[in-house]
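Residues per chain, in single letters:
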Amino acid sequence: MTDKTRPHHSHSPDEIEQRVRNLENLLVGKGLVDPRTVDRLVDTYQHEVGPRNGAHVVARAWTDPEYKERLLSDATAAIKELGYSGRQGEHMRVVENAGRVHNLVVCTLCSCYPWPVLGLPPAWYKSSGYRARAVTEPRVVLSEFGLELDEDVEVRVWDSTAEMRYLVLPRRPDGTEHLPATELARLVSRDAMIGVALAGPAP
Amino acid sequence: MNSGHDLGGMHGFGDIDQSQRENFVQQWEERVFGLTLACGLLGRWNLDESRYARERMDAGEYLRGSYYEHWLHGLERLLIEKGLVTVNELESGRSEQESGLNPVAAEKIPGILRRGAPVQMRPQSAPLFQAGQLVRVRNFHPKSHTRAPRYVRSRSGRVSEWYGAYVFPDLHSASGEKRPAHLYSVRFEAGELWGERDAEERSAVYVDLFEPYLQATEV
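Those protein sequence lines, which keep their order, are chains A and B. The end of the first sequence is residue 205 by this note's numbering, with every number in the run present. The end of the second sequence is residue 246 by this note's numbering, with every number in the run present.
Hints were generated in silico from the structure; no laboratory data involved. Beta carbons are placed, not taken as given, at the ideal position from N, Cα and C, and that holds for glycine. All clues stand as given, with none of them false.
Here are some of the chain B residues that sit facing chain A, going by a computed Cβ distance under 10 Å:
| # | residue |
| --- | --- |
| 1 | G41 |
| 2 | D44 |
| 3 | S46 |
| 4 | L69 |
| 5 | L90 |
| 6 | L106 |
| 7 | L128 |
| 8 | A132 |
| 9 | L140 |
| 10 | P145 |
| 11 | Y178 |
| 12 | Y193 |
| 13 | V194 |
To be clear about the criterion: a stretch of chain A counts as covered by chain B if any three or more of its residues have a C-beta under 8 Å from a C-beta of chain B, and this derived list gives those stretches:
| # | segment |
| --- | --- |
| 14 | 15-28 |
| 15 | 31-45 |
| 16 | 89-103 |
| 17 | 126-135 |
| 18 | 145-155 |
| 19 | 163-169 |
Kindly produce the complete structure, drawing on both the sequences and the hints.
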């Protein structure tokens, strides 16, 4: 794009709000966008699709060894079994925190994230700091999130550079053998499925 | 391209602001999100083109800008480049001519989102590399779109898994052509990426890399 065609930029909150309002009015006026479609898209990810879906998947894997096997070998199909599929989750891979391995997910190039199971990413996941640092100093990043890993634990960072989307299967907390899947799901936070936290009761 | 978006390994951002736990920080961001998806559904550009549009934001502005400012920039750029709006219209906010296109109806959204847009393809050749094999990422610096981040170029890693063939994004963003390329998960030891002095202990990064980015490493 040449400078002549480059849209001008504004940074103050008022200016940018106005710029977005103008853009929406223009797109509606030109018949390119139906504002109800925009509402519907926002509403879907604000209210319908979120990390409860992922927690359902995790709790099922904790309580059903055969499901867990399917989840680890073909995550896309196993997640679809529970009714979750589609945009930004077309190709899924689940990585398990097991043995002395801890997994952490990032997208250094943009903000790739498994929407059908986690919804839209938290703003910190898209921040420059997280994108820059998760790959170079994952232990420091994890400790900022309050997670101190033992020295002998290997950290595996998954940089989502293609269309494969990653979900961490956290370790099932000790002492939860008696809990049914519905209660286990409450122990699975979004952060645990990104890898910046462990599963367990909310602090 | 080596621009502001390619952040892996960069210093200078300070602590991560964990207080921002929601996706949308300000209200206008919701509209930018919805408008971007709604316009994308018109089918005039693909996902890789929209990533490339954001990447072409001035590098300094990209780093200063917030996440949805990148999206807003990308959307405005695509609308102009694809001839859907003019610069004048964008500046005035007033339509000078109807598009003649049909906007996507709200009722269609659940089905569209549920179906998604899978990009796996039938391979046209056998994969060149196998799990366990040592590979090196090529030393290349295209000014166009690529999904090989800078921090892995010229570095050696071990193929952890072959995922099959997928639409090759570098070509897809440039011409719209869907050509399959084998995709691998490649494991890089932290010491190989950052040097033994600066790397953390017991840490590895797995990066999804397309076959054209990779070459065999002599053992």
